[in-house]
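Enquirer: What follows is the residue order along each chain.
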Amino acid sequence: MTVLARFAIKEALRRRVFTVVAVLTAGFLVLYALGVWQAFKITGDLGAGVRGVNPDTVVGATMFGLAMFATLFLGVVLAVFLTLGAIRGDAERGLLQPLLVRPVTRRELFSSRLLAAGGVSAAYVFGVYLVAMVLTGLIGGWWPGSFVAAGLQLALAVVVVTVLSLAGSVVLASTANGIAVFMAFGTGLTAGLLGQIASALNSGTLGSVADVVSYALPFEALYQSALHDITASSASGFTRFALQLGPLGGAQDGGPGLWLWALAYLGLVTAAALAAFRRVDL
Amino acid sequence: MPALTVSALRKAYGATEALKGVDLEVGEGELFGLLGPNGAGKSTLVKIACGLVRPTSGTATVTGALGYLAELFRFPDWATADEVLTLHQQLAHSDGGAGERARLLELVGLGGEAGRRVGAMSKGMQQRLGLGQAMVGAPRLLLLDEPTSALDPAGRHTVRALLERLRADGVSVLLNSHLLSEIELVCDRVAIIARGELVAAGTPAELSTAGGVEVDTAAGTRHWPDASKEDAPHIVAELVAAGEPVYGVRVLRSSLEDAYLAAVGGE
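If you read the sequences in order, they're chains A and B. Read in order, the letters of the first sequence are residues 18 to 299 in our numbering. Read in order, the letters of the second sequence are residues 49 to 315 in our numbering.
None of these hints come from the bench; they were simulated from the model. Fair warning: this is a prediction, and the values are worked out from it, not measured in the lab. Backbone N, C-alpha and C define an ideal beta-carbon position, used for all residues, glycine too. Please note that a few of the clues may not be correct.
To be verified - Estimated spans, in silico, between C-beta atoms of each pair:
(1) A:Arg23 x B:Asp125: 11 to 21 Å
(2) B:Gly268 x A:Asp298: 27 to 37 Å
(3) B:Ala63 x A:Ile214: 44 to 54 Å
(4) B:Asp130 x A:Thr36: 18 to 28 Å
(5) B:Ser105 x A:Ala43: 57 to 67 Å
(6) B:Thr64 x A:Gly136: 36 to 46 Å
(7) A:Arg32 x B:Asn86: 30 to 40 Å
What the hints assert, rightly or not - Non-contacting residues of chain B with respect to chain A, defined by C-beta distances greater than 12 Å in every case (computed):
(8) Glu73
(9) Val184
(10) Val312
Using the sequences plus the hints, can you model the full thing?
Expert: What follows is the structure, given as structure tokens:
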């Protein structure tokens, strides 16, 4: 299994995927650093602000929350482009057949691709998340109370998208799969917004819709839970109230159940994809 | 034990039956040719034997390790010939190392090209590399689907020599090709498939039929269509006795091509 995973990573290196990703990520982080610097500067110029609200915490948590969203999005782009044609696309190009005739099972091939793409995407997201956190801390002097669990949830979110994209590549052609996964990503984000609106309006129907979509596409719930961890660990009292008024403040805590469901979800999607892959004539 | 045993093999794609109950065996060390028109089911049969396609019913059983060269295949264009073979060595758990890779590249006429990227190779070179890849790990059965379709005459000659060598080494080969002359030259046995059914099988000699005797005389070439090899001396003796000079004598047999056309009904 690791032979094929290593080969897939080698391919990404040789095709300069990682070089392009590194350059564009550096661009994103430079822009983020500039944004953080300006945000803290403007807030500092405004003075003490509202009594009982720590402006540095509000700015730091909000900026870092935005960085987490951007990091997840970039990770999803990477994961989708590493996997969108991994099975059917490669089979149509004749790349898969010579491999599968060797003593390599379809399960091993699928798992290798998942290990390579999921591992790379998760490491990427966690790494960029850490750099964004360090930039926020160094520039604005704000650090989240805890950060490891939130980073891991963000990384797990991108692994969920990876397995969806890989599963899609068993049954869909590359372009169709890419479109489907990005649409699913958008649907997940929309469900997250619906959940926040439902919470604000106390709407049971909207809440139920958001819950169902969150179970079906748990990456959004993981992202929200990561955001919740950051804000909950960094603020209390009026500061926390002020954060909850912002665009990222309504994030829900997933709790241990979310971790379990996300891991079970990975297993279920993998099992379904393998069942489909076994039936595919190459 | 046969290297490949195909029993009552059927494959249907919806309402279309690609294979309608084919039986055949490829013996150990045998070069077996598979012939048939486009869409006859040859590639489907080979893919089922490789495990790439699921049969609707019946079985295709391979004894021992298998090497496969697909009709339509590609290797990653960024990888070098050496990297492609290394990957397949690792997947086949071959411990042949650099020595095996160099030997295989030499065998397929790519000696000195180990560092060349697949993307910088001609189609013929890629097909040669595909042959080398199929032989990684010294499989006991090779399934070659149109292995010479992209090769020039020199390349085909290399492959023919390679097939002879494989036979000498006891490797079984199922050769799926449109090139009847190639099959006739190298194969021990031949099967002809048409419309998903096995319509003829045997050695090339068994499949061809007697075509009479032809004699070149001063009056031109004369043909005795019902005569056999044993009749040739008498025909020549009678012509000489009649005072007719004889310049040449040929005992004719139909070619594999004739047998093929007769078997597939001119498809």
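Enquirer: Can you give the numbers of the hints that this structure goes against, from lowest to highest?
Expert: Failing hints, ascending: 2 and 9.
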